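Chemist: Below, each chain spelled out in residue letters.
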Amino acid sequence: MSEEIKIGVYVCHCGSNIADKVDCAAVAEFASKLPNVTVARDFQYMCADPGQELIRKDIKEQGINRVVVASCSPRMHEPTFRKVCESVGLNGYFFEMANIREHVSWCTEDREAATEKAKALVAAAVARVPLQEPLYERYADMNDRVLVIGGGIAGIEAALKVSGGNKEVVIVEKEPSIGGTMAKLDKTFPTLDCSACILTPKMVECAQRDNVKLYTYSEVEKVDGYVGNFTVTIRKKARSVDLDKCTGCGLCITKCPTKDIPHEWEENLTTRTAIFTPFPQAVPNKPVIDRENCRYFTTGKCGICAKVCPTDAVDFEQEDELVTEDFGAIIVATGFELFDPSVGPQWGFGKFDNVITSLQFERMVNASGPTKGKVLLKNGEEPKSIAILHCIGSRDENYHEYCSRFCCTAALKLAHLAKEKTNGDVYSFYIDMRTFGKGYEEFYNRIMSEGIHFIRGKGTEVVERKGQLLVRTEDTLLGKYREVPVDMVVLMAACQPGQDTEKLAQTLAIQRSADGFFLEAHPKLEPLKTATDGIFLCGACQGPKDIPDSVAQGAGAASEALSLISAGKVKISPIVARCDEDKCGGCMICINLCPYTAISYDEEKKVAVVNEAKCKGCGTCSGSCPTGAMTNTNFTDEQIMTQIEGVLAV
Amino acid sequence: MTKEFEPRIVGILCNWCSYAGADLAGISRIKYPPNVRIVRVMCSGRVDPSFVLKAFAEGADGVLVSGCHPVDCHYIEGNYKMWARKVMLETMLQQLGIEPERFRLTWVSANEGELFKQYVTEMVDAVKKLGPFQKPVNWMTELLEHERSLGTAVQEIAAGGGVGE
Chain P
1 MSEEIKIGVY VCHCGSNIAD KVDCAAVAEF ASKLPNVTVA RDFQYMCADP GQELIRKDIK
61 EQGINRVVVA SCSPRMHEPT FRKVCESVGL NGYFFEMANI REHVSWCTED REAATEKAKA
121 LVAAAVARVP LQEPLYERYA DMNDRVLVIG GGIAGIEAAL KVSGGNKEVV IVEKEPSIGG
181 TMAKLDKTFP TLDCSACILT PKMVECAQRD NVKLYTYSEV EKVDGYVGNF TVTIRKKARS
241 VDLDKCTGCG LCITKCPTKD IPHEWEENLT TRTAIFTPFP QAVPNKPVID RENCRYFTTG
301 KCGICAKVCP TDAVDFEQED ELVTEDFGAI IVATGFELFD PSVGPQWGFG KFDNVITSLQ
361 FERMVNASGP TKGKVLLKNG EEPKSIAILH CIGSRDENYH EYCSRFCCTA ALKLAHLAKE
421 KTNGDVYSFY IDMRTFGKGY EEFYNRIMSE GIHFIRGKGT EVVERKGQLL VRTEDTLLGK
481 YREVPVDMVV LMAACQPGQD TEKLAQTLAI QRSADGFFLE AHPKLEPLKT ATDGIFLCGA
541 CQGPKDIPDS VAQGAGAASE ALSLISAGKV KISPIVARCD EDKCGGCMIC INLCPYTAIS
601 YDEEKKVAVV NEAKCKGCGT CSGSCPTGAM TNTNFTDEQI MTQIEGVLAV
Chain A
651 MTKEFEPRIV GILCNWCSYA GADLAGISRI KYPPNVRIVR VMCSGRVDPS FVLKAFAEGA
711 DGVLVSGCHP VDCHYIEGNY KMWARKVMLE TMLQQLGIEP ERFRLTWVSA NEGELFKQYV
771 TEMVDAVKKL GPFQKPVNWM TELLEHERSL GTAVQEIAAG GGVGE
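First to last, the protein sequences are chains P and A. Under this note's numbering, the first residue of the first sequence carries the number 1, and numbering increases by one thereafter. Under this note's numbering, the first residue of the second sequence carries the number 651, and numbering increases by one thereafter.
By construction, these hints were calculated from the structure, which means they are not laboratory data. Be aware that one or more of the hints could be misleading.
[Unchecked claim] Computed footprint of chain A on chain P, listed as stretches where at least three residues anywhere in the stretch have a Cβ under 8 Å from a Cβ of chain A: (1) 113-126; (2) 363-375; (3) 633-647.
[As the list claims (entries may be wrong)] Result set (DSS-like, lysine-lysine): computed pairs, CA atoms no more than 30 Å apart in a straight line: (4) A/K779 - A/K767; (5) A/K736 - P/K614; (6) P/K503 - A/K779; (7) P/K438 - P/K184; (8) P/K184 - P/K384; (9) P/K524 - P/K480; (10) A/K736 - A/K653; (11) P/K524 - P/K569; (12) A/K653 - P/K524; (13) P/K33 - A/K653; (14) P/K529 - A/K681; (15) P/K529 - P/K222; (16) P/K583 - P/K184; (17) A/K736 - P/K524; (18) P/K237 - P/K583; (19) P/K167 - P/K614; (20) A/K736 - P/K529; (21) P/K307 - P/K351; (22) P/K187 - P/K213; (23) A/K767 - P/K503; (24) A/K736 - P/K583; (25) A/K767 - A/K736; (26) P/K569 - P/K614.
All values reported here derive from a predicted model rather than from experimental measurement. Positions of the beta carbon are idealized from the N, C-alpha and C atoms, including for glycine.
Build out the structure end to end from the sequences listed, making use of the hints.
Modeler: Here is the structure:
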């Protein structure tokens, strides 16, 4: 390369975000004396228009051919400045960023030390940038189908919106029916409209639309590929019922002799048969055989369901089936599960008959539920007093530190329903009343006027004395310890990540936050994206969310997916592995290390060959290459070594 | 008056977890010692053991390599590769007479700003106790010289010359 290297260095103040802790002028002054630096400036906001213009002007007028911006994290504005360079004809990879905000000004107490550290990072960037090579984004074809994992309200909303955009969508739901947690609810706050009435039409629509495909009782087994071109293996668990033949008449269910299995969908408040549909409005409204409890599978005898089936749909021989589908984008909407209060013996759940969870109470008050809408004690009598305990497992350092958000308002709803159904005494034990949503505070005010007893104090313990349940609390408004006798206790159990979250995170190569929920790309500006391109999040799998928020996110994730696939082409990062055939010794170490099988062996030349379409640019091959033949573009050995020299130059 | 020894530690961090974790520490305004200077790589699997040696050769007082937690790697398993190299590196550093506290491999996820602070603080404290890195006499010069002469020899063979002089 004969061209003279001319570096422009731009030190950003970021208002006072950097300038408070870093002497930006001194850093620029320092940079101006480094080799190859032609101009070095400091400026208020480099990312804003005037800052960008400064770079453009220097490239045009001073012939700057390498650009270093010292500002925020490259994870924030690297694409911005690459575009600035490209807008005036300079390759975007002739640009390097020094992170002096997240890694310096925001995390350092001492101004002098911060300025020193900033200088070191700038020196490293200035040392590295002459070695950078021009790289070019590549484009691959975009598959325009979308996969939605999870068929709760968030996933349903996402799927319907994608389908409405005239794109094909596939929903994978692990349960025999879509609907999720919302399908179990009786009423929804703050309007108290019936949950099923607003949800089931959407469920039915999913089944009816031509461009929506449902895989229920199925799980995502494997995900290969990358944004725009995912290949997903889906395990269709053996349902033992042929969905094409079954008409959903339900004769098999009425004839099934095994009737004493705890009904999970009814929160174990009642029993079900071995062949069953989880609930009357299930979609698809076709049964599944629970093989663990079915007599045919446990004893080899029975088969009554198959005998009575008018369409010959029962298939005992059915096996799990693996199907492969291609997608351009994936939306994760796997929802949440309820915290199991039996983990904490202090609440007496699982010990006392009449201590139940919020979802059990919800099923109880539901007209189509196990008690036909009646609130009943285990002995069949109606309770005269009910305590509702907030924050069971939430806002509790022993279980979950976070607030589960929707339970306060849900508890108000349950208090209202308890009062309405029993006209008994209803007590609400709360720490703080967090009614955050639109109309929720108004709802709280309304419920307060209904004669509910609000006690500001966490229900710390439920005990039984002479057959009487007692809720113990410290009433923080009265400033005294109280014991309140009640007939029934409802525990507002926390919203927690589903059991499959960890496994799915690994399958999808997406991250989870400290609370175990899936992690978004940016907490404020990218709430629906993950760090993996083409994979989006919505609903409570990202953190506790109520129905309005889940629906909004579902629609938002659909919009993200639609905007991605509508582009038609997918941009692929030019950061890949490259093999220098002259240096390669053909040892094949890299071939075994590559997690994407992107490297193969050329028998004739006896060298490694990289398939750039498969390579994701992790650089594991280059990290292990004994001859230095394998390089990682934009992260070559030479570039990194020089950067190391650079950070140690100050 | 002597100024307290302020070590210079090179931090080689993967883009997806640890670099993002360090970003989060900043975003959360978590303060920690300014001694670690960060070099970004896409994956901890990219970290060639020679990067660590290079840092020591250039006078670093310590090297911190950090990646995603096991099973959380953005590239499926690059962190395991680095994990395997760690064993080799530790043996090598020991043979070279470099104190084990000067090199550390950690796992920090994108949401563990506090943990990043903790690791940095621990490492800075440990290296401060050891004092400045003293290069074993001429070790790296010799190593590099050896490498260079090897390279020359290879070129000579390629050019049709004999081995050595």
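Chemist: State for each hint whether it applies.
Modeler: So, going through the hints one by one against the coordinates:
1. Here's how the segment 113-126 of chain P fares: 7 of its residues keep a CB closer than 8 Å to some CB of chain A, so the rule of at least three is met and the hint holds.
2. Coverage of the segment 363-375 of chain P by chain A is violated in this model, with 0 residues showing a Cβ closer than 8 Å to a Cβ of that chain against a need of three.
3. Only when three residues or more bring their CB closer than 8 Å to a CB of chain A does the claim for the segment 633-647 of chain P stand; here the count is 8, and the claim holds.
4. For the proposed pair A/K779 and A/K767, the alpha carbon gap of about 18 Å is at most 30 Å, so the pair holds.
5. Between A/K736 and P/K614, the direct Cα distance comes to roughly 28 Å. Compliance with the 30 Å bound is thereby established for this hinted pair.
6. For the suggested pair P/K503 and A/K779, the alpha carbons sit about 42 Å apart, so the restraint of at most 30 Å is broken.
7. The hinted pair formed by P/K438 and P/K184 meets the criterion: a straight-line CA distance of about 23 Å does not exceed 30 Å.
8. Of the pairs offered as hints, the one joining P/K184 and P/K384 holds, with about 25 Å between alpha carbons and a cut-off of 30 Å not exceeded.
9. This hinted pair does not check out: P/K524 and P/K480 have alpha carbons roughly 41 Å apart, beyond 30 Å.
10. Taking the CA atoms of A/K736 and A/K653, the gap is near 34 Å; set against the 30 Å cutoff, the hint is violated.
11. For the hint linking P/K524 to P/K569, the alpha-carbon distance of about 27 Å falls within 30 Å, and the restraint holds.
12. Simply put, A/K653 and P/K524 have alpha-carbon atoms about 42 Å apart, too far for the 30 Å limit, and the pair is violated.
13. Annotation: proposed proximity of P/K33 to A/K653 holds, straight-line Cα distance about 27 Å (limit 30 Å).
14. Between the alpha carbons of P/K529 and A/K681 the distance comes to roughly 28 Å, so the proposed pair stays at or under 30 Å and holds.
15. Pair hint P/K529 plus P/K222 holds up; C-alpha atoms about 20 Å apart against a cutoff of 30 Å.
16. For the hint linking P/K583 to P/K184, the alpha-carbon distance of about 64 Å lies beyond 30 Å, and the restraint is violated.
17. At roughly 37 Å between alpha-carbon atoms, A/K736 and P/K524 are farther apart than 30 Å, so this suggested pair is violated.
18. A hinted pair counts as satisfied when its Cα atoms are at most 30 Å apart, and P/K237 with P/K583 does not qualify at roughly 50 Å.
19. Restraint check: the Cα-Cα separation between P/K167 and P/K614 comes to about 26 Å, which is no more than 30 Å; the hinted pair holds.
20. For the hint pairing A/K736 with P/K529, the CA-to-CA distance comes to about 33 Å; that exceeds 30 Å, so the pair is violated.
21. Of the supplied pair hints, the one linking P/K307 and P/K351 is violated, its CA atoms being roughly 42 Å apart against a limit of 30 Å.
22. Restraint check: the Cα-Cα separation between P/K187 and P/K213 comes to about 29 Å, which is no more than 30 Å; the hinted pair holds.
23. Under the criterion of a C-alpha separation no larger than 30 Å, the hint pairing A/K767 with P/K503 is consistent with the structure, at around 28 Å.
24. Only pairs whose Cα atoms come within 30 Å are accepted, and A/K736 paired with P/K583 is accepted, the gap being roughly 26 Å.
25. Under the criterion of a C-alpha separation no larger than 30 Å, the hint pairing A/K767 with A/K736 is consistent with the structure, at around 22 Å.
26. For the proposed pair P/K569 and P/K614, the alpha carbon gap of about 16 Å is at most 30 Å, so the pair holds.
Consistency with the previously given hints fails for numbers 2, 6, 9, 10, 12, 16, 17, 18, 20, 21, ordered from lowest to highest.
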